[in-house]
Amino acid sequence: DTEVTQTPKHLVMGMTNKKSLKCEQHMGHRAMYWYKQKAKKPPELMFVYSYEKLSINESVPSRFSPECPNSSLLNLHLHALQPEDSALYLCASSQIPDGGKSPLHFGNGTRLTVT
Amino acid sequence: SQQGEEDPQALSIQEGENATMNCSYKTSINNLQWYRQNSGRGLVHLILIRSNEREKHSGRLRVTLDTSKKSSSLLITASRAADTASYFCATADNYGQNFVFGPGTRLSVLP
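As they're listed, the protein sequences go chains W and Y. Add 15 to a position in the first sequence, counting from 1, and you land on the number used in this note's numbering. Add 8 to a position in the second sequence, counting from 1, and you land on the number used in this note's numbering.
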């Protein structure tokens with residue numbers, strides 16, 4: 016079992032829906048990440064939160080809106096998605112942004128299908 | 009981008025054999041990490057090697073790093089069917105925030 020919990024595990028949504036993905040960790044980590052992964056591809060970085068502040072946004076379309084309510088929680092709000100946004104969305108955390116000295120801890124992801 | 013490149017993209021071996029995967033990257037790094045991903049699951053950290061280290065071991069895993077060639081290799085010895093997974097190398101920028109993953113190697117270990 017992973018120490019990073021993502022809900023829901025699976026999500027099917029229409030292009031006009033609004034939904035949210037949730038991620039939670041209780042390891043005291045101060046950096047949290049959203050990655051998007053298409054089939055047979057590596058994870059692609061979307062957003063990084065460092066000490067609850069958005070520090071990296073990898074030119075992600077505005078239909079994806081991240082939120083970090085506190086140091087343990089990370090949300091990804093979804094609105095007006097396209098079918099090509101269907102993917103596995105992975106949340107990860109690390110102790111602090113420290114030059115890659117700390118490993119990333121991943122959740123098992125949310126499998127998103129946009130119809 | 010300091011994205012790593014893995015080769016081979018896919019590797020199929022028999023149980024008990026050794027598996028070697030290679031990773032190349034483009035820019036200077038502080039550290040390089042290897043991760044494993046079972047199908048449809050999250051990634052699991054395997055091993056981290058610092059830029060001033062040349063080799064590191066963890067159980068049946070051996071990682072080497074050649075900063076002059078900007079390359080790393082992951083060796084899994086005495087492979088098992090449970091080692092079947094995708095393996096990714098990852099590098100981070102100096103702030104450790106922008107972890108970038110290579111394309112990965114899909115390893116199949118046949119019983």
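Because the hints were derived from the structure by calculation, they are not lab data. Please note that the accuracy of each hint is not assured.
A short list of chain Y residues far from chain W (calculated; beta carbon distances all over 10 Å) [unchecked claim]:
no.: 1; residue: P16
no.: 2; residue: E25
no.: 3; residue: G48
no.: 4; residue: S66
no.: 5; residue: L69
no.: 6; residue: R70
no.: 7; residue: N106
no.: 8; residue: R114
Result set (DSS-like, lysine-lysine): computed pairs, CA atoms no more than 25 Å apart in a straight line [what the hints assert, rightly or not]:
no.: 9; chain 1: W; residue 1: K37; chain 2: Y; residue 2: K34
no.: 10; chain 1: W; residue 1: K53; chain 2: Y; residue 2: K64
no.: 11; chain 1: Y; residue 1: K78; chain 2: W; residue 2: K116
no.: 12; chain 1: W; residue 1: K68; chain 2: Y; residue 2: K34
no.: 13; chain 1: Y; residue 1: K34; chain 2: W; residue 2: K56
no.: 14; chain 1: Y; residue 1: K34; chain 2: W; residue 2: K116
no.: 15; chain 1: W; residue 1: K68; chain 2: W; residue 2: K116
no.: 16; chain 1: W; residue 1: K68; chain 2: Y; residue 2: K77
no.: 17; chain 1: Y; residue 1: K78; chain 2: W; residue 2: K34
Stretch-level coverage of chain Y by chain W, calculated; a stretch enters the list once three of its residues show a Cβ under 8 Å from a Cβ in chain W [what the hints assert, rightly or not]:
no.: 18; region: 81-93
no.: 19; region: 107-113
Keep in mind it's a predicted model, so treat the numbers as computed, not measured. Cβ coordinates follow ideal geometry from the N, Cα and C atoms, glycine included.
Outcome of the hint check:
1. P16: 14 Å, holds
2. E25: 23 Å, holds
3. G48: 7 Å, violated
4. S66: 12 Å, holds
5. L69: Correct as stated: the minimum Cβ-Cβ distance to chain W is 14 Å, above 10 Å.
6. R70: 18 Å, holds
7. N106: 6 Å, violated
8. R114: 8 Å, violated
9. W:K37 x Y:K34: 34 Å, violated
10. W:K53 x Y:K64: 31 Å, violated
11. Y:K78 x W:K116: 18 Å, holds
12. W:K68 x Y:K34: 29 Å, violated
13. Y:K34 x W:K56: This hinted pair holds, its Cα atoms lying about 19 Å apart.
14. Y:K34 x W:K116: 19 Å, holds
15. W:K68 x W:K116: 20 Å, holds
16. W:K68 x Y:K77: Judged against 25 Å, a Cα distance of about 36 Å means the pair is violated.
17. Y:K78 x W:K34: Given pair K78 (chain Y), K34 (chain W) is violated - Cα atoms ~42 Å apart, limit 25 Å.
18. 81-93: violated (count 0)
19. 107-113: holds (count 6)
Hint compliance for this structure: hints 3, 7, 8, 9, 10, 12, 16, 17, 18 are broken, all remaining hints hold.
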